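The primary structure of each chain is shown beneath.
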Amino acid sequence: MIRLRDLPHDAHFRRGARDMLPFGPGLAAWGLVTGVAMTQSGLGVGLSLLMTFTVYAGSAQLASLPLIASGAPMWVIWASAFCVNLRFAIFSSHWRVHLGHLPRRRRVVLGYLLADLNLLVFQKQWQGEGHQTGQARYAAGGAATVWIIWQATSVAGILLSSMVPLEWGLGFAGTLSMLGMAYSMLSERTAWVAAIVSGAAAVAAFSLPLKLNILVAIAAAVAATLVMNQAGKALQAMRPKTPR
Amino acid sequence: MSGAMPQWAWAALTILGLAAVTAISRNVFLWSRRELRFPEPLQRALQMAPLAAIVAITAPEIFLSQGHLIETWRDARLFAAVTATAAYAWRPGVLGPLVAGLAVYLPLRLALGW
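Heads up: the protein sequence lines correspond to chains A and B, in order.
Under my numbering, the first residue of the first sequence carries the number 1, and numbering increases by one thereafter.
Under my numbering, the first residue of the second sequence carries the number 1001, and numbering increases by one thereafter.
Just so you know, these hints were derived from the structure itself, not from any lab.
If you're wondering where the values come from, they're calculated on a predicted model, not measured in any experiment.
Mixed in with the good hints, there may be bad ones.
As the list claims (entries may be wrong) - Every beta carbon over 12 Å from chain A, so not counted as near; a handful from chain B, in silico:
{"no.": "1", "residue": "Trp1010"}
{"no.": "2", "residue": "Glu1071"}
{"no.": "3", "residue": "Thr1072"}
{"no.": "4", "residue": "Arg1109"}
Unchecked claim - Only pairs whose alpha carbons sit at most 25 Å apart, straight line, appear in this in silico DMTMM-like list of lysine to aspartate or glutamate:
{"no.": "5", "chain 1": "A", "residue 1": "Lys124", "chain 2": "B", "residue 2": "Asp1075"}
{"no.": "6", "chain 1": "A", "residue 1": "Lys233", "chain 2": "B", "residue 2": "Glu1035"}
{"no.": "7", "chain 1": "A", "residue 1": "Lys233", "chain 2": "A", "residue 2": "Glu188"}
Beta carbons: idealized from backbone N, C-alpha and C, even for Gly.
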């Protein structure tokens, strides 16, 4: 079992760290924007720093900012963030194949540090392979690079934007980022339905207390996609079979 | 805001809870040594939840002001959202639309007060 302080000299760790560098500029811009959005939503420097160093999940951070600003109940904020983070749950079942052999403490610490980009690069490197020696160290190297770039730029965004007056409304940068994120998730027809149902429900149910409109909208969208999938299957079954 | 707790303490507690949400969601299938599987139907049902959550939070931020639909077209947010949408259609990505949207948003807001 490798010791933590030997990691920087490990070949797998270094390769994992290096393979992440091409993504540095995009990661940096993203960290900067998240830093700006945090302070400009009214969190202030201290709480923004606390958020970047503990939460460490860009999209969940951005999503929770308007909810925190409007004083939504904690459990609604946590539930919404969990929905945004659901992809990580699915990712963790992929990581399990490669990291399952580690002792629990290392598993959990590494798991906490591994974001979307890490899985993407990892899977490209170890295409379809099962467990191999060096994979955990490779993953740790990637995690280190992402963590350093993200935190450095996020802190820069927090400190730089703390000089901008809140009246500028620069917090809207967070909303615009989420808009772009949402567009990039609009892959198939079901996604369009989910987005339209969710957006309409969130606006229509806005007057619900406790910001429950968010959870109502998510439930409505999930229900709508389920109904649509079932209806699609039923239609498929009725149609005469033609090869496509 | 909740009761006697000072606002920063409330926010700090919320943030620490969010950190737990990150830790938990990234470890759902790493925590246990036993092999667990994500049930296929559940996975399919929840596939759209992240998108739904993001849209549910974003839409009111763009279309509502003080809890009501925007009544004037002179709102910098609308123009910024339209610009960001056009920018995305032109070249998909997250940063391009963001920069384009802000380039419209800030002048409208700071110079015209929209």
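Hints, verified against the model:
1. Trp1010: violated, 8 Å
2. Glu1071: About 14 Å separates B/Glu1071 from the closest Cβ of chain A, which puts it past 12 Å; holds.
3. Thr1072: holds, 16 Å
4. Arg1109: violated, 6 Å
5. A/Lys124 to B/Asp1075: violated, 44 Å
6. A/Lys233 to B/Glu1035: violated, 31 Å
7. A/Lys233 to A/Glu188: holds, 16 Å
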